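Turn these sequences into a full structure, and let the hints steer you where they fit.
These protein sequences, in sequence, are chains A and B.
So in this note's numbering, spot 63 of the first sequence is number 64, and the numbers just go up one at a time.
So in this note's numbering, spot 74 of the second sequence is number 75, and the numbers just go up one at a time.
Please keep in mind that the hints were generated in silico from the structure rather than gathered at the bench.
From a predicted model like this one, the values you see are computed outputs, not experimental measurements.
Just so it is clear, CB atoms sit at the ideal spot from N, CA and C, and this is done for glycine as well.
Among these hints, one or two may not hold up.
As the list claims (entries may be wrong) - Covered by chain B, according to a simulated footprint, are these stretches of chain A (three or more residues, beta-carbon under 8 Å):
| hint | stretch |
| --- | --- |
| 1 | 9 to 18 |
| 2 | 105 to 119 |
Unchecked claim - Beyond 10 Å from chain B on every Cβ pair, some chain A residues (computed):
| hint | residue |
| --- | --- |
| 3 | ARG29 |
| 4 | ALA58 |
| 5 | ARG60 |
| 6 | CYS85 |
| 7 | VAL122 |
| 8 | VAL130 |
| 9 | ALA164 |
| 10 | VAL168 |
| 11 | HIS181 |
| 12 | GLU234 |
| 13 | ALA236 |
| 14 | ALA285 |
| 15 | GLN289 |
There are 2 protein chains.
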Amino acid sequence: MTEVRPPRGIWCATLTPQDARGAIDTRRLAAHVKRLFAAGVDGIALFGTTGEGQSFALRERRDGLDALIAAGIDPRRVLAGTGCAALPETIELTRHAVACGCAGALVLPPFFFKAVSDEGVYASYARIVEGVGDDRLRLYLYHIPQVTAVPISAGVIERLAAAFPAVVAGIKDSSCDLDHEQALLRRFPRLDIFVGFEPHLPAAVAAGGAGTICGIANLYPRALRRLFDAANEAARRAELDRIGRLVALLDGYSLFPAFKAIQASITGDEGWLAVREPLVALDAGATQSLLAGLAATGLDPARDSASAD
Amino acid sequence: MTEVRPPRGIWCATLTPQDARGAIDTRRLAAHVKRLFAAGVDGIALFGTTGEGQSFALRERRDGLDALIAAGIDPRRVLAGTGCAALPETIELTRHAVACGCAGALVLPPFFFKAVSDEGVYASYARIVEGVGDDRLRLYLYHIPQVTAVPISAGVIERLAAAFPAVVAGIKDSSCDLDHEQALLRRFPRLDIFVGFEPHLPAAVAAGGAGTICGIANLYPRALRRLFDAANEAARRAELDRIGRLVALLDGYSLFPAFKAIQASITGDEGWLAVREPLVALDAGATQSLLAGLAATGLDPARDSASAD
Numbered sequence: 002m003t004e005v006r007p008p009r010g011i012w013c014a015t016l017t018p019q020d021a022r023g024a025i026d027t028r029r030l031a032a033h034v035k036r037l038f039a040a041g042v043d044g045i046a047l048f049g050t051t052g053e054g055q056s057f058a059l060r061e062r063r064d065g066l067d068a069l070i071a072a073g074i075d076p077r078r079v080l081a082g083t084g085c086a087a088l089p090e091t092i093e094l095t096r097h098a099v100a101c102g103c104a105g106a107l108v109l110p111p112f113f114f115k116a117v118s119d120e121g122v123y124a125s126y127a128r129i130v131e132g133v134g135d136d137r138l139r140l141y142l143y144h145i146p147q148v149t150a151v152p153i154s155a156g157v158i159e160r161l162a163a164a165f166p167a168v169v170a171g172i173k174d175s176s177c178d179l180d181h182e183q184a185l186l187r188r189f190p191r192l193d194i195f196v197g198f199e200p201h202l203p204a205a206v207a208a209g210g211a212g213t214i215c216g217i218a219n220l221y222p223r224a225l226r227r228l229f230d231a232a233n234e235a236a237r238r239a240e241l242d243r244i245g246r247l248v249a250l251l252d253g254y255s256l257f258p259a260f261k262a263i264q265a266s267i268t269g270d271e272g273w274l275a276v277r278e279p280l281v282a283l284d285a286g287a288t289q290s291l292l293a294g295l296a297a298t299g300l301d302p303a304r305d306s307a308s309a310d
Numbered sequence: 002m003t004e005v006r007p008p009r010g011i012w013c014a015t016l017t018p019q020d021a022r023g024a025i026d027t028r029r030l031a032a033h034v035k036r037l038f039a040a041g042v043d044g045i046a047l048f049g050t051t052g053e054g055q056s057f058a059l060r061e062r063r064d065g066l067d068a069l070i071a072a073g074i075d076p077r078r079v080l081a082g083t084g085c086a087a088l089p090e091t092i093e094l095t096r097h098a099v100a101c102g103c104a105g106a107l108v109l110p111p112f113f114f115k116a117v118s119d120e121g122v123y124a125s126y127a128r129i130v131e132g133v134g135d136d137r138l139r140l141y142l143y144h145i146p147q148v149t150a151v152p153i154s155a156g157v158i159e160r161l162a163a164a165f166p167a168v169v170a171g172i173k174d175s176s177c178d179l180d181h182e183q184a185l186l187r188r189f190p191r192l193d194i195f196v197g198f199e200p201h202l203p204a205a206v207a208a209g210g211a212g213t214i215c216g217i218a219n220l221y222p223r224a225l226r227r228l229f230d231a232a233n234e235a236a237r238r239a240e241l242d243r244i245g246r247l248v249a250l251l252d253g254y255s256l257f258p259a260f261k262a263i264q265a266s267i268t269g270d271e272g273w274l275a276v277r278e279p280l281v282a283l284d285a286g287a288t289q290s291l292l293a294g295l296a297a298t299g300l301d302p303a304r305d306s307a308s309a310d
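Structure below.
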């Protein structure tokens with residue numbers, strides 16, 4: 002049983018499986034999460050970017066979380082992605098996550114308008130905290146500027162942490178920028194900072210980071226566990242090399258469809274291939290070349306995945 | 002009474018007023034639309050970018066349209082902005098707009114993911130058309146790549162127009178790029194193409210365009226009417242000069258808060274100043290300098306606005 006303590010370690014930004022009608026397949030999702038936990042993953046981030054969160058309606062996201070908990074997933078091991086373009090919907094989903102007892106809410110800034118001022122980003126999060134109005138909220142700021150084009154500046158984080166010290170718990174830094182991650186770690190030692198880019202995990206943890214919230218944990222949970230737990234530099238280096246090769250290989254593909262193609266291969270379940278528009282599943286040729294690339298570089302996921310037990 | 006015919010002419014991308022609690026003030030909105038119609042505006046686009054559409058929840062957008070129609074606004078003069086990040090919500094809002102009898106639905110592509118493929122944009126719109134499943138739908142593709150970072154390519158438009166010829170009715174080209182607008186006008190003579198950038202209206206109409214869907218029509222509806230109806234080049238040039246000066250002046254301000262500041266000044270109603278986060282209202286100094294700039298350049302909106310009658 003998980004103790005009640007802040008998230009740390011390996012948190013998987015879970016893929017969202019769909020059924021034949023394109024709806025969220027909560028049965029398949031719950032089974033996946035259970036396999037991840039059995040493989041050593043500490044928790045999950047539900048409906049993040051990897052999980053195509055913004056492609057699912059508010060109702061689907063709310064019901065999906067409910068179904069996962071009903072299937073036996075401990076909400077204290079779930080960070081719920083609750084950010085929406087419209088703040089009333091972010092507030093509604095975040096309230097729901099708090100009511101469910103989730104470990105926290107992982108919240109994007111409003112992401113439609115571009116060139117948003119720091120004042121606007123601050124005011125948005127302040128509105129969310131006040132709108133949720135619940136001391137139990139643990140808010141994780143979700144910084145992923147290459148997708149949102151709305152960065153969360155250090156100045157905004159500082160103001161939020163000062164205004165809502167009991168609520169603002171951490172940051173998911175998906176900038177994939179080591180300098181940015183290190184600057185946040187230095188400036189906000191009190192916040193739990195997770196990196197999204199797997200190869201930066203050891204450096205982030207060495208600098209006081211809480212761990213990673215990442216997509217590769219769907220496919221190679223044991224490798225990430227070993228990377229986090231590595232007892233010495235040689236062991237860490239070996240895992241980093243493997244993960245670095247994987248990241249380089251994935252660079253040639255549409256990332257989340259590629260994740261789902263690998264997941265389908267690992268599980269032997271082609272249902273995992275489905276993505277929701279605007280994403281497009283890899284075609285047969287790309288899938289074949291991706292899987293061949295994994296095999297050729299010693300990255301056969303079947304030997305490492307959550308399904309291997 | 003409006004005849005049933007495709008939208009053309011001056012369509013105002015309406016600002017969305019808020020009440021003291023931050024909710025959509027539908028009474029103020031309906032009164033604004035009636036003044037616009039009295040000033041010669043042909044129709045409105047509700048909950049577009051100028052109207053902060055993405056900042057309002059699905060429920061607010063649906064109820065806002067209902068309230069406007071209940072207040073006596075003819076739905077045949079309304080293009081409803083119904084695009085959302087998640088397709089099930091786009092489909093739900095678009096169905097509602099069709100059921101309301103709106104002139105059409107103005108639909109953004111899903112805008113969270115970036116570097117979306119043409120295939121993904123095509124598949125998204127195809128899913129929307131099939132999901133709405135109603136022959137009465139008139140779909141206007143909303144191209145505003147500087148905000149969405151998801152362009153709608155000519156190739157995608159061609160495939161959609163071929164696949165759904167009775168449904169795909171037009172394009173709102175808010176690229177503000179004359180070459181792009183002209184290329185669309187040449188390539189898609191059957192579609193009704195509206196430009197978002199007011200100074201391009203005469204050139205677009207001369208090349209077969211349907212008109213404009215634009216924000217300045219909130220403030221200077223009569224100027225846009227005169228520009229559209231100008232009987233000769235000298236009259237057209239005079240209006241273009243005025244509008245060009247206005248566009249240049251606005252360039253120094255956050256655009257939609259600036260629009261609302263001018264609207265507040267025109268109507269003497271400070272309630273118009275409110276914007277929803279992540280936008281931030283102009284401060285007093287910026288408002289003062291904006292209004293002084295308008296007066297100094299002969300652009301006093303009170304003499305031209307929908308309130309002048």
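A quick look at each hint next to the structure:
1. 9 to 18: violated (count 0)
2. 105 to 119: holds (count 8)
3. ARG29: At roughly 19 Å from the nearest Cβ of chain B, ARG29/A sits farther out than 10 Å, so the non-interface label holds.
4. ALA58: Non-interface label on ALA58/A violated, nearest chain B Cβ at 4 Å vs cutoff 10 Å.
5. ARG60: violated, 8 Å
6. CYS85: Violated: least Cβ distance 8 Å, not greater than 10 Å.
7. VAL122: Check fails; 6 Å does not lie beyond 10 Å.
8. VAL130: holds, 12 Å
9. ALA164: ALA164/A is indeed farther than 10 Å from all Cβ atoms of chain B, at 15 Å.
10. VAL168: holds, 17 Å
11. HIS181: holds, 19 Å
12. GLU234: holds, 36 Å
13. ALA236: holds, 36 Å
14. ALA285: holds, 15 Å
15. GLN289: Check passes; 19 Å lies beyond 10 Å.
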